Amino acid sequence: MADDKSNAAAYWKANVRLITGCLIVWALVSYGFAILLRPLLSGIPVGGTDLGFWFAQQGSILTFIGIIFFYAWKMNRLDKKFGLEE
Amino acid sequence: MSQFAINLLFVGASFALYIGIAIWAKAGSTKDFYVAGGGVHPITNGMAIGADWMSAASFISMAGLIAAGGYANSTFLMGWTGGYVLLATLLAPYLRKFGKFTVPEFIGDRFYSKQARLVAVICLIVASVTYVIGQMAGAGVAFSRFLEVDATMGLIIAAVVVFVYAVLGGMKGITYTQVAQYIVLIIAYTIPAVFISLELTGNPLPPLGLFSTHSESGVPLLTKLNQVITDLGFNEYTADVDNKLNMVLFTLSLMIGTAGLPHVIIRFFTVPKVADARWSAGWALVFIGLLYLTAPAVASMARLNLMTTIYPDGPTAEAIQYEERPNWVREWEVTGLIQYEDKNGDGRIQLYNDTEAFAPTAEARGWEGNELTVNRDILVLANPEIANLPGWVIGLIAAGGLAAALSTAAGLLLAISSAISHDLIKGSINPSISEKGELLAARISMSVAIIVATYLGANPPGFAAQVVALAFGIAAASLFPALMMGIFSKRVNNKGAVAGMLSGLIFTLVYIFVYKGWLFIPGTNNLADIPENWVLGISPLSIGAVGAIINFAVAFLVSMATEEPPQEIQDLVDSVRYPKGAGGAINH
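Heads up: the protein sequence lines correspond to chains E and S, in order.
Mapping the first sequence onto the working numbering, position 43 (from 1) lands on 43, and the numbers just tick up by one.
Mapping the second sequence onto the working numbering, position 83 (from 1) lands on 169, and the numbers just tick up by one.
No wet-lab data here; the hints were simulated from the structure.
Nothing here was measured: the structure is a model prediction, and the numbers come from that model.
Honestly, I wouldn't trust all of these hints.
Restricting the straight-line Cα-Cα distance to at most 27 Å, the calculated cross-link-like pairs of lysine-lysine (BS3-like) are [stated by the list, open to error]:
1) Lys-80(E) to Lys-522(S)
2) Lys-13(E) to Lys-112(S)
3) Lys-666(S) to Lys-5(E)
4) Lys-112(S) to Lys-522(S)
5) Lys-666(S) to Lys-80(E)
6) Lys-359(S) to Lys-581(S)
7) Lys-666(S) to Lys-186(S)
8) Lys-74(E) to Lys-13(E)
9) Lys-80(E) to Lys-112(S)
10) Lys-74(E) to Lys-186(S)
11) Lys-13(E) to Lys-522(S)
12) Lys-576(S) to Lys-80(E)
Just a sample of chain S residues kept apart from chain E, beta carbon distances all over 12 Å, derived [stated by the list, open to error]:
13) Gly-165
14) Val-171
15) Ile-208
16) Thr-287
17) Pro-306
18) Leu-311
19) Val-420
20) Asp-428
21) Gly-433
22) Glu-449
23) Leu-458
24) Leu-510
25) Ile-519
26) Leu-526
For glycine and all other residues, C-beta sits at the position ideal for the given N, C-alpha and C.
This is chain E alone, in the form it adopts within the complex (with noise of 0.2 Å):
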């Protein structure tokens, strides 16, 4: 009972560190990237204009669904790892 406490707090904590990561990511690209460092960013041309322009309209969406599958396939393997599949 206590190793099973101790796994699943394990596995919670492995989950939450995974979850912050994404999260870094996610206000990294969107609004880093695309609004408060777009002024730093704006040396870098892409198509007609500048590198926060593409992360706001673009870049930003596409690194979500990049986000996201890594997340699912990452927990699914922790979700084994543990043995807290279903």
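Got chain E sorted already, so can you dock chain S onto it with the hints?
Same frame as chain E, now just chain S:
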């Protein structure tokens, strides 16, 4: 065949398909009605979420908003997609594991409080009803433009179709019609975009065309667009925004509002396993992304097309004669969505930005005011006509616009009816109701919701246009934080959750009402809704994110000052965190 006959054929065929699906997918139990039996494949569910999520606002209005605002309105693109990252990591898998039918049910059980469940039901109904009015009104507009029937008549036809498949099939019927509606709407959206992109840039993929070279001038498309519109006194399309705080908060409000909207969350209850809930969030965003990556291309290309239609020899040369205007301008003038007034009496159409800074140029050119007003909403609907595409593409757009409106309306109506029959009737008024009785109650509440939505769609209250602020503000400030804390904290208790939801909700509503009018009654606002009056430059549309922060803070502080939740609640939190032993959604 006349255009009317083609439109009728496309819309009629799509409606016949939806009704056919409804008859095939009739709901036999409450489990069928609320969660489609719980056996939906994650890719199927992803597609259904796509149609559920992409409303008349996404299909019809979003490209127009981006065309008008350029970079500044990228907030809609990021806000309405970024919420899925939050859903996939913070809510969907755990709520699926919880394994019940509605969002208020989780809040009620986790916070062992009937008040909490009731607050959630009220938030859900207010957010969903305001949202559904917009869908019905959008369906009415599409009908009146393409099928030449009166908007009210169009609305009634739409309501009857939704009635058949939603009341009969519940979530089961809605799921499979949403899949069909997704296919219709995505084809309708992308085909004209591909042709326009080919014509302007030679690239058949609109998202790549957006950053390609404009074939005619040899400069990048966006550079060309910036040149043309700045010559006419408009801001650069790609111009940066000064008020970054507001832009961040608006995007954040849309993201957490998206994640907190019940009609989206309940779609995740329909998949068999926790892992499937995660995958279906990813697939949903792939299907949504197809439209959301096309929309900004449509926006900039349509804006450039409009300008070159009005100024065929460039913005510094003469505008076209009114008598020589293209056919699509004539047709949309009939609807009143394009208006022309020859202010300087020269018989030409001068379209420009009537500002003080541009006044000297306008005067030098003999212009006496902007002469053409184009409603933003026609951009997507008029796209095939602007690009001279064949009649069947126009018929497809009509069917696509209706698919977008109806699929979202059906999802919202299901969220509303399940909150009434499951949370209110079974949850508090008559807990001993039989399975059959509850199914009947669900069907009756769905019917009543459709009638109310149709009436409000035909007679939209003044606040219909404020839907974004209200629905997203409520979902962001009340539901999302409560759900997230219910999963990620064992310490937040009943008192904290109720205090948090109420303070987030009240704060958000008050801030919106101060600028938009109390209950949106015109003239009752305390301050004019202009940037100078906003606290720290935060617009009422962006306040949901602040409301959410207040909700988190109050819930945490009140919980720390009061007792810990009982052991069985802490065990419940543990059980939603671990996928093992989920089983199907069950009726308790």
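Those earlier numbered hints the structure runs against, lowest number first: 1, 2, 6, 9, 11, 13, 14, 16, 17, 18
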